[in-house]
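Kindly generate the complete structure, drawing on both the sequences and the hints.
Keeping their order, the protein sequence lines are chains U and S. So the first sequence is numbered by the numbering used here: it starts at 1 and just counts up by one. So the second sequence is numbered by the numbering used here: it starts at 1001 and just counts up by one.
FYI, nobody ran anything at the bench for these hints, they're computed from the structure. Among the hints, erroneous ones may be present.
Claimed, not checked - Restraint ranges, calculated between C-beta atoms of paired labels, are given here:
(1) U:111 / S:1490: 36 to 42 Å
(2) S:1475 / U:108: 53 to 59 Å
(3) S:1255 / U:133: 56 to 62 Å
(4) S:1224 / U:90: 36 to 42 Å
(5) S:1112 / U:56: 29 to 35 Å
(6) S:1493 / U:90: 56 to 62 Å
(7) U:30 / S:1490: 36 to 42 Å
(8) U:30 / S:1204: 54 to 60 Å
(9) U:121 / S:1217: 49 to 55 Å
Said to hold, decoys possible - The calculated lysine-lysine pairs, modelled on BS3-like cross-linking and capped at a C-alpha distance of 27 Å, are:
(10) S:1003 / U:169
(11) U:170 / S:1475
(12) U:169 / S:1043
(13) S:1003 / U:170
(14) S:1187 / S:1207
(15) S:1527 / U:132
(16) S:1475 / S:1502
(17) U:170 / S:1043
(18) S:1222 / S:1181
(19) S:1178 / U:30
(20) U:2 / S:1329
(21) S:1528 / U:169
(22) S:1003 / U:30
(23) S:1527 / U:169
(24) U:169 / U:180
(25) U:132 / S:1528
(26) S:1256 / U:30
(27) U:118 / S:1346
(28) U:2 / S:1003
(29) S:1043 / S:1182
(30) S:1532 / U:180
(31) S:1531 / U:132
(32) U:117 / S:1282
(33) U:180 / S:1187
(34) S:1370 / S:1491
Ideal Cβ positions, reconstructed from N, Cα and C, are used throughout, including at glycine.
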Amino acid sequence: MKNDIILAGVGGQGILSIAAAIGLAAVNNKLYIKQSEVHGMSQRGGDVQSHLRISDAPIASDLIPAGKADLIISVEPMEALRYLPWLSAEGWVVTNTVPFNNIPDYPQTEEILANVKKVKNHIAIDAEAIAKQAGSARAMNIVMLGAASLFLDIPFERIEEGIRQLFGKKGNDVVELNLKALRAGREFSEKNR
Amino acid sequence: MSKLLMLGDEAIAQGAIDGGLSGIYAYPGTPSTEIMEFVQVSKQAADLNIHRQWSANEKTAMESAIGMSYAGKRAMVCFKHVGLNVAADAFMNAAVTGVNGGLIVVSADDPSMHSSQNEQDSRFYAKFAMIPILEPANQQECYDMAYYGFELSEKLNVPVMLRITTRLAHSRADVLRKEIKKQNDIKLPSDPRQFVLLPAIARKNYKNLLLNQPSMEMESEKSAFNSYIQGTNTDMGIIATGIAYNYLMENYPDRKCPYPIVKVSQYPLPKKQITELYNTCKSIMVLEEGYPIVEEMIKGYLNVGKPIHGRLDGTLPRDGELNPNIVAKALGFTVTEGQPVPSIVKQRPPSLCQGCGHRDVYEDLNEALKEYGTGRVFADIGCYTLGALPPFNAINSCVDMGASITMAKGAADAGLVPAVAVIGDSTFTHSGMTGLLDAVVENSPITVIISDNSTTGMTGGQTSSAHGRIVEICKGLGVHPDHIKVMTPLKKFHEENVRIMKEELAYQGVSVLIPQRECIQTFARRKKEEKKESND
Ligand SMILES: Cc1ncc(C[n+]2csc(CCOP(=O)(O)OP(=O)(O)O)c2C)c(N)n1
Ligand code: SF4
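Right, dumping it as structure tokens:
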């Protein structure tokens, strides 16, 4: 078993929380994991990415080879497209549809989504709307995780456990909100895959 | 002990703590920052009373670590690769003094320059200083090497370099801890003059360093971090150093490479294993993250032996970091790529946060400089370097930390008046103060703007040694108090700030302007923590 995942987004969108939740779930499931992330300059509104690799056998490289990723999880639609060279022919793109527009030449949203739809396997989800329904727009990243969880070889209960561990310190309300966001994202993928 | 999921940086910190560390000294710099940050929040480190405060710069950090080693205790110093340039004087001489307590120098290189101004390879410095290098291939080796490095340093009587690169520093994997070692007791050097580098003593110490080289080589040959891995196809032998070994193995899913390999993670190069590889194989390929230092050594100036492939002959790119695909191509595999990036995808460069005080400073400055024209603003390294980009296009240089003030002075000496320096608070105390003294001594017509956000913003908001001290430092260095002006970089003070700047630009001597407003990121974090505390 192997899941090679590219996480993408813009600085501050919370992709590292997604990585942390999957990481905890993988460790609880006794899997090997390598997760590389970019620090530094990226904090200031630039694009950020993380390579997350999970396997039942030891992993060699911290970086995923081009054309080998099973999954791109992107919290921002244009950022999903940036990493297409990494996606394998049968891989899935799971992306938020809400743009993060902080540059002068940001393309038309329709154009971006048209390109997402050209990918053979894709889920495009309005994570912001679903997160709001769950109780807070800030849980957008967890909605994305829920939507992507369908394509991970980790039992869903383990991911729920990861969320509990990750947000446990912040109190029961925060945990419940995020679990709700997680399940709503998963449900969307189940219906739309 | 249980397995922990750790960044390479964190594994180094934990390995050092468990290996008997008494003090860590560092100045922030990507990708090394998280080593110190880990020790600072570690409860174990607090209980053990390990020294763990930031230093003003890398040289002061290095020297403090040497001092702790002198006193017999184990010390670690950490910085990014260019930080070693700043610490180089102390570093080179520490190889000649030798150590008392074990001393590890962690230098974090940044090939591909993810957040740096060059991609220099620290291994050259260690070779220059003639000391051993440990170059981990994975997070477990990060831990093990920090743990074992102190012993190696004490055994060989030299500082040991621990060299990492960005990918390993910032990648997480599981790490297994070892049993915790006790810290050393205070113990003076047995030779009271060991650290006195008067020429007569230095010559003796240096001879010892030279005599010590074969022992270092022997340590490498028997080190568990280096290994000779047999292979069936001797058309080629591969030398893979540090993290490059992972990219090699990634290309063999069953982890069986047909070629013989020497995996190198401890230097000086293990001569016995390298010689065996060379004698066994028809050609050699060198895979290394960074400059082609090993390749150059094996090839030699005349390149008369067997074919050596690597970065120098174009088998691998001459610059930038490695990845599994680059190594796959070098090995002759076809590389599968996904779909190309659609042409509508645009660059998303980093920019100053909305609401950042540096923004106001540049708006004020651009206005104040209108009558003089552009091309006279010497800036420095920090968040404010992003003022080089639109919409500000406000600065004309960023070379090395502290260079703003001294470059402005040099340009003013040449007749470019007024010349302006823009420097951050942390950079000012890192290496701007001495340059300001030069300007004061000659009363150079420069205007220095110390954009003070009360933190080291670029690297994530570490404590700045400058905090609350800038005005007094400037006075102490001899800047006339009438020409030290504190201001608040906010829209509502724009006109007033422009007026002050214009006055000082016209002044034919050293003026220092200090726009002061806290970084909004650290401000938000502080408020959040305060709220949390009041709730607890
Ligand atoms: C010799 C050296 N050490 C460390 C760094 C990493 N670094 C870049 S900018 C910076 C500090 C910036 O702090 P400050 O001057 O206060 O500016 P701010 O980012 O807060 O605006 C550091 C530590 C470097 N580039 N060079
Ligand atoms: S991190 Fe702080 S100093 Fe840096 S750009 Fe943002 S607000 Fe400004």
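Right, here's what the structure says about each hint:
1. U:111 / S:1490: 36 to 42 Å: holds (39 Å)
2. S:1475 / U:108: 53 to 59 Å: holds (56 Å)
3. S:1255 / U:133: 56 to 62 Å: violated (47 Å)
4. S:1224 / U:90: 36 to 42 Å: Since the Cβ atoms of residue 1224 (chain S) and residue 90 (chain U) sit about 41 Å apart, the hinted range of 36 to 42 Å holds.
5. S:1112 / U:56: 29 to 35 Å: holds (31 Å)
6. S:1493 / U:90: 56 to 62 Å: Distance hint for residue 1493 (chain S), residue 90 (chain U) holds at roughly 59 Å.
7. U:30 / S:1490: 36 to 42 Å: violated (54 Å)
8. U:30 / S:1204: 54 to 60 Å: About 56 Å separates the Cβ atoms of residue 30 (chain U) and residue 1204 (chain S), which means 54 to 60 Å holds.
9. U:121 / S:1217: 49 to 55 Å: Holds, since residue 121 (chain U) and residue 1217 (chain S) (Cβ atoms, about 54 Å apart) stay within the stated range.
10. S:1003 / U:169: holds (22 Å)
11. U:170 / S:1475: violated (47 Å)
12. U:169 / S:1043: Satisfied, since the Cα-Cα distance of roughly 18 Å is no more than 27 Å.
13. S:1003 / U:170: holds (25 Å)
14. S:1187 / S:1207: holds (25 Å)
15. S:1527 / U:132: holds (25 Å)
16. S:1475 / S:1502: holds (21 Å)
17. U:170 / S:1043: Between residue 170 (chain U) and residue 1043 (chain S) the Cα gap is close to 21 Å, so the pair holds against 27 Å.
18. S:1222 / S:1181: holds (23 Å)
19. S:1178 / U:30: holds (20 Å)
20. U:2 / S:1329: Holds, because 23 Å separates the two Cα atoms, which is no more than 27 Å.
21. S:1528 / U:169: The hint holds at about 15 Å.
22. S:1003 / U:30: Holds, because 11 Å separates the two Cα atoms, which is no more than 27 Å.
23. S:1527 / U:169: Since the Cα atoms of residue 1527 (chain S) and residue 169 (chain U) sit roughly 18 Å apart, the hinted pair holds (cutoff 27 Å).
24. U:169 / U:180: OK: residue 169 (chain U) and residue 180 (chain U) at ~17 Å, within 27 Å.
25. U:132 / S:1528: Roughly 23 Å separates the two Cα atoms, so the pair holds.
26. S:1256 / U:30: holds (24 Å)
27. U:118 / S:1346: Within the cut-off at roughly 18 Å; holds.
28. U:2 / S:1003: Holds. Residue 2 (chain U) to residue 1003 (chain S) sits at ~20 Å (cutoff 27 Å).
29. S:1043 / S:1182: holds (16 Å)
30. S:1532 / U:180: holds (25 Å)
31. S:1531 / U:132: holds (24 Å)
32. U:117 / S:1282: Distance ~51 Å between residue 117 (chain U) and residue 1282 (chain S) Cα, so the pair is violated.
33. U:180 / S:1187: violated (59 Å)
34. S:1370 / S:1491: holds (18 Å)
Hint check: violations occur at hints 3, 7, 11, 32 and 33; the rest are consistent with the structure.
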